[in-house]
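Chemist: For reference, the chains in residue letters:
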Amino acid sequence: MINLIIHLALFLIFPPFLLGVINKTKALFAGRKGAPFFQTYYDIFKLLRKGMVISSTTTWIFGAAPLITLSAVLTAGTLMPLGSSPALFSFTGDFLLFAYLFGLARFFTTTAALDTGSAFEGMGASREVTFAALTEPALFFAFLVLVKLSGSLTLTGMLSSNFDSLIYPGSTAPLVMVSIGLFIVFLTENSRIPVDDPNTHLELTMIHEVMILDHSGPLLGIIEYASSLKLFLLGSILLNIIIPAYTHSLWLNWFIFTMAMIGLSVIVGILESSIARLKMPRVPSLLIAAVLLCGSAFILLLR
Amino acid sequence: MIFSLIIIAISIIAISGIPGIFLSHSSVWGQRISVFLICLGSLSGLVGVGLTFFYPDNALYFFPWQAEQNPLLGIDPLSAFFLVPIFLIGSLGSIFGLGYWPQEKNKRTAVMIHNFWGILMAGMSLLVISRHALSFLFGWEAMALAAFFLMSAEDDQEECRKSSLIYLMATHLGTLVLFGMFLLWRYTSGSFDFIPIQEGNVSALTINILFILSFIGFGLKAGIMPLHFWLPAAHANAPSHISALLSGVMLKMGIYGIIRMLSLLPVPPPLWGGIILIAGAVSGLMGVVFALAQHDLKRLLAYHSVENIGIILLGLGLAMLGRSYHHPVWVILGMAGCLLHVWNHSLFKSLLFLGSGSVLHRTHTRQLDKLGGLAKLMPWTAGLFLIAAVAISGLPPLNGFISEFFIYLGLFRTLAIPGNTGSIAIIAAPVLAMIGALAVACFVKVYGSVFLGFPRSEIPENTKEVPLSMILPMIVLAVFCLFIGLAPALVVPILDKVIAPWLPAEWALTNTVKLASLVPFSALQFISISLVSIFSIMALWMFAFKKKNAQTAGTWDCGYAKPGPKMQYTASSFAESLILLFTGILKPKTHDPDIRAIFPTKSFMKSHVDEITLDRALIPGFLFFRKTLKWFNRFQQGKTQSYLFYILVAVVILLSTLIPVEQIISSLMSR
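If you read the protein sequences in the order shown, they are chains A and B.
Going by the numbering used here, the residue at position 107 of the first sequence is 93; the numbering climbs one at a time, nothing skipped.
To convert a position in the second sequence, counted from 1, into the numbering used here, add 5.
You may find that some hints are simply not true.
[What the hints assert, rightly or not] Short, incomplete list of chain A residues facing chain B, as computed with Cβ under 8 Å:
hint, residue
1, ILE54
2, PHE77
3, LEU82
4, THR102
5, PHE106
6, HIS234
Calculated directly from the structure, the hints in this document are not laboratory data.
Every residue, glycine too, gets a C-beta built ideally from N, C-alpha and C.
Produce the entire structure from the sequences given, and follow the hints as far as they go.
Modeler: Shown next as structure tokens:
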């Protein structure tokens, strides 16, 4: 019971904190003090209380899309195991539903962007769907590797099992390759450097931020919250592979998981401070590298 | 009883257009009577089909004068399964036609369309219930020719004439291959009856040839890449409700043919499953990539049919591998995915074509880059089109996801088998994922450019919602899409009935493996329903409390004083970055203006992508033959005298074979 409460609380409340961690790390690297860790929470609450400005060009889809995105991400979250705690719902093939719920979110985010009739938002939507066409196969290759190693067709089964190299010799190399591939997918899907820059709002080079230019008030708050949930969920896939070792103590396990998640955010922050964003035409090469890494990992297992 | 219902249905539908011939062409009653008869027949047929699923055994028909013991017609669950879209889409499409192609405005073509609509439906029904090659081919040709007359309805346009002619050639090529196949069938099995060939009686080579011939013959109709060359243009140029019937139902007759033939042939070698899987992967991926590159709404939808046929084949290929390697789980999941996707595709693709028909009806253009902003003017069409667009992208909680889920699950099950048998199949899973992502991209493009934003060109003044007779059929289709998506468990008993004959008797006896035990339906339904309820609660909150203090303003376009329709992203620019990824396959051609002067004149650019088989292989190939065989033209001058001379020469040569040359020579020698 306690486990369930922690699980839900962590999933519903913790994610915006990660954005704060990333921003703090970036601020430290830039020699600034930076916004407080809880800034994202303040932002979301402020936005939820505000009024909205809605473009006269738009239809009901513009308002419905953030809600659909949030419902899809929330539903996807119930399928994801966190650390040593199994998912709220686990059934055969839940990983397919997980991936396709993100597809649903993407469909409506990009459609809402086109709804405004703005050139910038159309550009962002176009880039979003282009890169998704490459991250999806990478994600599925990663699933193939995990299914092959764990023999399980559920997210809980494939992510919570210990990939002990003693039990399954030869699993280390594929898992390392899959982790790198998934890290690229993680950065792309969450619109992070080197694919997208979440801090710029008015350049021609951005993807996610440009799609939500016209959203304001509660709708924008919902979008911010949903994107932090997405960061948290995709991050936990990665963490469940990288740190499969957990103790028997409930509290210690949650501590390890939370620290690892914060650590991942720090790494993202460091990465964003130290490297530049890629030129837009170069991004597909990076994503194809992710597909190839995950694909080769699978071929290593088939040999 | 069951059989009479279906025979009555087919007869009523076949003659439904005839009253219209005797009425005045300007009278609207011909069309109304025909639609009434088609709906009546479809209702009777659907009742019969429903009964078939419950009492499948007593549905064989023996004609009283039949000398042999084998039936000419018969209905099993597989036939019944394919009859459902014929009756459903056929009747809904004819209702749509009342508003879309009204007799009073189309005096020249309307009567012809009612007649051939009925014949097309009856032909397809007949071929589906045939148990004999003769009746099968009769239904097949009735379907093929009726479809030709329907799609060439607008034959005053050159494009339409061209595409129908290409279709006519393609369909006859297919029929020719089928003739060959059935001749070999007669030679192998001893009769034209559809009775399973026993293993061991015939050589493996003959069986393989039978498979390849049926795959090509039926594949031409189904539109498997690269045999799809007739499809995009034909579906684009036909009137929209006819495109819906052609794409939603007629393509599936090719799939039916392949499935029926495979059910009659003995246990297949793994090679067949591999061929079907590869054909499926190629059709699926290339179909959606070519769809992305289209600027024409209906041509784009037609390429999506190629994509969906690919997904159907992925399921079928998996099932065939399961039969070869004796894994009932693969067979069940593969067949379930294949069959359910047949239904799903006929539902959402018909809905999309009908929706595009509504758009075309009001705006008179199919060019994506000229449309836009229709969601406000045509809210019903826009909402229903959105449901179909989400469904065809394979997204939860709609029906497209369910059938793809079956196929994915089956593909992932192949990993559970120790060793690497059939491991080629699993590569289809990432391919399917990519197809899904590209389909999302394509339908975001379509939906965004047709219904959202500002109109990109002058749209007609009277652009408003289409009449109820056009909305109603679309609502029915959308309800079915939602229904299968939210409650997939309800179609499981039907799927189980159709799959049962594919499982050899020993499995059926020893295994209690059923679809319901392989797929977590209750969890799927729970998740879908919770998704919908979370969304509804939030939407209620938004409308009740937050919408009140919303202000309206123009789109904030980063400080432009006057954002206008021309500044929007167009469909072409939306797809450009994806097209650049696939330049190797698509080879897009751009015709740029040559701008040199300081004050250049008004100019424009255009870009297009060639059809892969037709424009790059078939037409250049035929032109090459025409060039190299030009010298042969000397013999064909159009002079009757020379043709008579050729006949004379031919007769002389033929007669000369009668001369007993050997006898003469031997008698000469013996002297």
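Chemist: Determine for every hint whether it applies to the structure shown.
Modeler: Status of each hint after checking the structure:
| no. | hint | in the structure |
| --- | --- | --- |
| 1 | ILE54 | holds (6 Å) |
| 2 | PHE77 | holds (4 Å) |
| 3 | LEU82 | holds (5 Å) |
| 4 | THR102 | holds (5 Å) |
| 5 | PHE106 | holds (6 Å) |
| 6 | HIS234 | violated (29 Å) |
Hint violations for this structure: number 6 only, all remaining hints satisfied.
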